[in-house]
Amino acid sequence: MSGQVLSVFSAVLRKDLRRELRSREIFISSFLFSVILLMVIFYASKTSGVQLEAMSSGALWLCILFSGTIGLNRTHQSEMVNGCYRALILAPVEGGWLYLAKVCSNALLLIVMELLLLPLLVLFYHTDIGKNSGALLAALVLGTLAFTAVGTLVVVITANTRMKDVLFPVVQLPLVVPTLIAGVNATEAALQGKTADNWLQFLVAVNVVFLAAGFLLYDFLLEE
Amino acid sequence: MSGQVLSVFSAVLRKDLRRELRSREIFISSFLFSVILLMVIFYASKTSGVQLEAMSSGALWLCILFSGTIGLNRTHQSEMVNGCYRALILAPVEGGWLYLAKVCSNALLLIVMELLLLPLLVLFYHTDIGKNSGALLAALVLGTLAFTAVGTLVVVITANTRMKDVLFPVVQLPLVVPTLIAGVNATEAALQGKTADNWLQFLVAVNVVFLAAGFLLYDFLLEE
Amino acid sequence: MTLSIRFHELSKQFGETIALWRVSEAIEPGDRISILGHNGAGKSTLLHMLATLSKPSSGELTFSLAGETCDDVKKLRDHLSFLSHEPMLYPDLTALENLRFINRLYQRNLSEDALRELLDKVGMSDFGDRLFRTCSRGMQQRLSLARALLPQPKLLFLDEPFSGLDRGGVERMKALFADDQMSWVLVTHHLRLGYELANRFWILHRGRLLHSLQKRDLTYEAYIKLCEGSSMEASA
Amino acid sequence: MTLSIRFHELSKQFGETIALWRVSEAIEPGDRISILGHNGAGKSTLLHMLATLSKPSSGELTFSLAGETCDDVKKLRDHLSFLSHEPMLYPDLTALENLRFINRLYQRNLSEDALRELLDKVGMSDFGDRLFRTCSRGMQQRLSLARALLPQPKLLFLDEPFSGLDRGGVERMKALFADDQMSWVLVTHHLRLGYELANRFWILHRGRLLHSLQKRDLTYEAYIKLCEGSSMEASA
Amino acid sequence: MSMKNTIHFVVLFAVMQMALVWALYIAPPDALQGHVQRIFYFHLGSIWPGFLAFFYVLYGSIRYLISRDLIWDRKSLVSGEIGLVFCSIVLTTGPVWAKPTWGVYWAWDARLTSTLVLWLVFFAYVNLREYIDDDSKRPRISAVLGIVGALMVPFVYMSTRIFETQHPKPVVMGDAESGIRHPDMNIALYLSLFAFTLLYIYLWRQGVKQMLTEDRLKKLRAQLLRLEGH
Ligand code: HEM
Ligand SMILES: Nc1ncnc2c1ncn2[C@@H]1O[C@H](COP(=O)(O)OP(=O)(O)OP(=O)(O)O)[C@@H](O)[C@H]1O
Ligand SMILES: Nc1ncnc2c1ncn2[C@@H]1O[C@H](COP(=O)(O)OP(=O)(O)OP(=O)(O)O)[C@@H](O)[C@H]1O
Ligand SMILES: [Mg+2]
Ligand SMILES: [Mg+2]
Chain U
201 MSGQVLSVFS AVLRKDLRRE LRSREIFISS FLFSVILLMV IFYASKTSGV QLEAMSSGAL
261 WLCILFSGTI GLNRTHQSEM VNGCYRALIL APVEGGWLYL AKVCSNALLL IVMELLLLPL
321 LVLFYHTDIG KNSGALLAAL VLGTLAFTAV GTLVVVITAN TRMKDVLFPV VQLPLVVPTL
381 IAGVNATEAA LQGKTADNWL QFLVAVNVVF LAAGFLLYDF LLEE
Chain Y
201 MSGQVLSVFS AVLRKDLRRE LRSREIFISS FLFSVILLMV IFYASKTSGV QLEAMSSGAL
261 WLCILFSGTI GLNRTHQSEM VNGCYRALIL APVEGGWLYL AKVCSNALLL IVMELLLLPL
321 LVLFYHTDIG KNSGALLAAL VLGTLAFTAV GTLVVVITAN TRMKDVLFPV VQLPLVVPTL
381 IAGVNATEAA LQGKTADNWL QFLVAVNVVF LAAGFLLYDF LLEE
Chain P
2 MTLSIRFHEL SKQFGETIAL WRVSEAIEPG DRISILGHNG AGKSTLLHML ATLSKPSSGE
62 LTFSLAGETC DDVKKLRDHL SFLSHEPMLY PDLTALENLR FINRLYQRNL SEDALRELLD
122 KVGMSDFGDR LFRTCSRGMQ QRLSLARALL PQPKLLFLDE PFSGLDRGGV ERMKALFADD
182 QMSWVLVTHH LRLGYELANR FWILHRGRLL HSLQKRDLTY EAYIKLCEGS SMEASA
Chain H
2 MTLSIRFHEL SKQFGETIAL WRVSEAIEPG DRISILGHNG AGKSTLLHML ATLSKPSSGE
62 LTFSLAGETC DDVKKLRDHL SFLSHEPMLY PDLTALENLR FINRLYQRNL SEDALRELLD
122 KVGMSDFGDR LFRTCSRGMQ QRLSLARALL PQPKLLFLDE PFSGLDRGGV ERMKALFADD
182 QMSWVLVTHH LRLGYELANR FWILHRGRLL HSLQKRDLTY EAYIKLCEGS SMEASA
Chain D
145 MSMKNTIHFV VLFAVMQMAL VWALYIAPPD ALQGHVQRIF YFHLGSIWPG FLAFFYVLYG
205 SIRYLISRDL IWDRKSLVSG EIGLVFCSIV LTTGPVWAKP TWGVYWAWDA RLTSTLVLWL
265 VFFAYVNLRE YIDDDSKRPR ISAVLGIVGA LMVPFVYMST RIFETQHPKP VVMGDAESGI
325 RHPDMNIALY LSLFAFTLLY IYLWRQGVKQ MLTEDRLKKL RAQLLRLEGH
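Chains as they are written, first to last, in our numbering: chain U, 201 to 424; chain Y, 201 to 424; chain P, 2 to 237; chain H, 2 to 237; chain D, 145 to 374.
Certain hints may be false.
30 Å max Cα-Cα, derived DSSO-like pairs, lysine-lysine [what the hints assert, rightly or not]:
| no. | chain 1 | residue 1 | chain 2 | residue 2 |
| --- | --- | --- | --- | --- |
| 1 | D | Lys353 | H | Lys56 |
| 2 | P | Lys56 | P | Lys122 |
| 3 | Y | Lys331 | U | Lys246 |
| 4 | H | Lys56 | D | Lys281 |
| 5 | D | Lys243 | U | Lys394 |
| 6 | H | Lys76 | H | Lys122 |
| 7 | H | Lys76 | P | Lys122 |
| 8 | D | Lys281 | D | Lys363 |
| 9 | P | Lys175 | H | Lys56 |
| 10 | H | Lys76 | D | Lys362 |
| 11 | D | Lys362 | D | Lys281 |
| 12 | P | Lys226 | H | Lys75 |
| 13 | D | Lys353 | H | Lys75 |
| 14 | D | Lys353 | U | Lys246 |
| 15 | P | Lys226 | H | Lys155 |
| 16 | U | Lys331 | D | Lys243 |
| 17 | D | Lys363 | H | Lys56 |
| 18 | P | Lys75 | P | Lys175 |
| 19 | D | Lys363 | H | Lys155 |
| 20 | D | Lys362 | H | Lys56 |
| 21 | U | Lys394 | U | Lys246 |
| 22 | P | Lys175 | H | Lys226 |
| 23 | Y | Lys394 | U | Lys394 |
| 24 | P | Lys75 | P | Lys226 |
| 25 | P | Lys56 | P | Lys75 |
| 26 | D | Lys363 | D | Lys148 |
Since the hints were derived computationally from the structure, they do not count as laboratory data.
Take these sequences, add in the hints, and give me the full structure.
Spelled out as structure tokens, the structure:
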């Protein structure tokens, strides 16, 4: 069983990463994208007279949300073209592991993007990211995982329904709100040098719930 | 000629709107996306201690930008399925008019979305949108038009590339930054009851330049 | 291990449309079945259900593995394979990368050489490193077949596998179908090939199973007559 | 108004792949041309260029309208139509809505009745209000043909139009091709139909035009021989 | 190297040396900022040829779309690449200068933002073609993007001129005690402008030549492959 799991896991992970990294310029484009987002967010909030530093956690999470949505959308679309998702459905593997592999590859790409984003925050928003980098990393990783856990589940739920395009945002976005609120608050605390244990615990709980749900439910979704 | 133009214009407009009204896909997704964004922006700024009202113009424009980008991507995706865009290429019509029709339908959807967003701003951000509603409407309409004028062109440019989903926002957003700055400032002035003539004029100029460029250049993009 | 499928009064509805209505039949090891029928008769719908891709609206569908009823879809899927209208291959990966992915996904552990041999079998050995989306239609169809054959299934479902293929491609496909280890169910509008290759025929008409016949009971002429009778259009 | 096309030393390269190499020929009014060749021979590539969908890498491609050279692609497109591998119809619109859109786009001002008649011609009169994506493969192919015929083109390009069609569909399509007002260029792997319908044949092999023949110079047997010779696979 | 090139190179080299000498030794240090101000000669020296390069992209792209002559695609691409490099020089000299004078590397000044926007747009212009597989599409698509991108140049700069909002610490020019007063400062500036412009022209000519050679090589290789029977 564990051999099987590994094989499937690595197959999906490799395939997704290869597709993404085909030209490793994906990182360059996420980097550019982050630059632009930070610029856009700055100009959008300039009139409100907020302090630059106070905006960083919010800006960071807006970036995650937006790049994450683009990323999930891309995965979604690439599985739909040529009916590729059917190949996944028809494979003789536990859906749960497929799900975890997809979450992993999605989260991995997003986390790398976030790590590229941090220096930019320092440059453009004069953020001090060193005050409590452990808590910061924990907040980012947990938040991203929770975000992709929900997103990956919903992408496949909707891939199997006739109304896939309508259902995807309708189901996904509300489910992601708690994660975002917790993420912003945990990040904010980390940037101020504190550790927001309650928010981090909340994120862990969200992860456990959604990953377990995804693991168990995914198989039921793999039908048409 | 004008009969031809009208026929094409209405054909594209009707088709896009019908598709949209049937699925309400773009509409629902951009609207929900905007609601989420309003929440995130609220939570992001809660920690920074800004006044709610001061944030509304920026929040509004972030919503326009982000859901507009997603919306443009989706509309264009729907042209790619089944190679439908080829039908447009092969039609005996000036590309310029196709472009204007597409800009119109995209802008229309986005403006309706914004109008739905305004009550939400009142609700969530306690914004007083009535102080100078003429100037507010002008800012929104002009800004949205400029945004879609750029976006409709760029989406076709990047559609010819391998990594279209990633590249579209990366190419489009920088081109849109002047529009965003002008839009935020004009909206901010309108919310304070003033009319920012200089920013509005600037938006008109942006529109003229980009619509003209799109009108003249679109034909060159419609080849394979 | 043998695989057989029985279904009883199988129906499938999409909203108001009845795509399939009370169809009962069975597939046994060694069967090579051609499904024939007009456009919209319900052939693809039936194939989708048999391939465990969709569930019937009503009726019973029973899979047996090694003589015993098997409810575990995963286990079944290990022995099934499906070549559908869609190629199910990633456009941005090369031919070989696509096959490698399927190889892992099905845990077949085929070597690189085996994969190349498979490509050779469908006549694509020179194009292993070409991105899937830059392949011509026929080349894509060949790769789809390679994908379907890779897991060495017991039972193969084929939905119009010859479309887009040139003569050479059809010949190759015919040769691959001759494999004795494999049963298959073929949907095609190519009546001659449908007769030549199969040993059983199902003729569908407007979602109903009109005829289910053995080849030994049927001359080619009689077969053509039956097919033409039923391939009158549904809308006519 | 007559439409003719001449091309001289037409080549098309995709990166390192040479899809078409120095092909010269002409299409005159009244021509009914079948293009034959193995998978990847360059048939679709040639058709795309003739249909003004893509530009040649090198070579000359001249369109003449009413005897005069015409460089205005828009004007030409008014008289051309193309049925490709892809249906070019919107999945979320119904069959009729799709046709109405094309009607407007080409400014043909056909009445609703004319559109329904068109649907009837391709045997889809009962399915006008069905969403395109819920149609079966053959039904989609029929609708594609309806789309291509709607503008009443002078010259029609068809890339494997018979794929997925049942007998009835093929018969209908043959009937529609018999229209004297229209020239066409057909790519197909169906050798018999290719011979029956056309009055000229182009045989491509690895991107080259091997033969260009008139039907009157060619018996069916000789034709089949030529085709089989060239439809050896490129990779073999 | 042809005679013309050699002469060009020699002149370029000489002017560069002179510019260096004037900028680093002869021009007096700024009254307020001291020696840091010397960055200015490279800062401004590189951005003007940069603008020139971007406008050439506009011109060349229009020429390409009209004539469909590949040479114009090559010419504008090379120009865009050099413009991007010059723009990058401004974007690195700026922050290096900003740290000692403003205390931070970056401030969201309208001018900085617009430069960044320009850089992003032309980065996309230069790199987008990597992602277009079809050779016949590539020049067309990037010509359109080049035109749209170059249209941004006047916009971004007009916006900073028309709407003079708050520059965090406005550029010190023409103030009584600092700014370009001294004639040697002027000479240094003009020399450096001249040097960067010559550099631009030199690089551009070399770049175009290289691209054309590459094209020929590709064509010959394809013919060779053809002769060998694929
Ligand atoms: C941080 C990044 C910076 C960027 C991206 C940048 C960009 C530019 C650009 C694009 C120009 C040409 C403007 C025009 O011709 O209209 C310029 C000019 C200039 N910059 Fe910067 N700059 C930066 C930092 C600085 C700093 C820190 C200083 C000095 C304290 C400075 C001083 C100047 C001066 C004196 C000019 C010439 C002004 C004029 O001719 O109007 N810059 N800069
Ligand atoms: N997802 C769907 N939603 C609604 N109707 C559907 C759907 N899929 C199929 N149908 C309808 O079910 C009927 C049977 O379709 P099916 O695809 O099985 O036909 P088929 O026999 O494969 O035809 P073809 O030879 O054209 O491929 C058709 O009328 C079709 O329109
Ligand atoms: N966009 C592309 N990029 C790269 N190569 C391509 C592209 N399109 C076609 N080719 C290649 O050009 C050659 C000719 O392809 P084409 O589609 O014209 O073949 P065809 O004769 O239509 O074949 P089929 O009968 O399989 O449809 C093939 O080798 C194909 O891989
Ligand atoms: Mg079917
Ligand atoms: Mg083809």
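Where does the structure disagree with the numbered hints, that is, which hint numbers, in rising order? Violated hints (numbers, rising): 2, 7, 9, 10, 12, 13, 14, 15, 19, 23, 24; every other hint is consistent with the structure.
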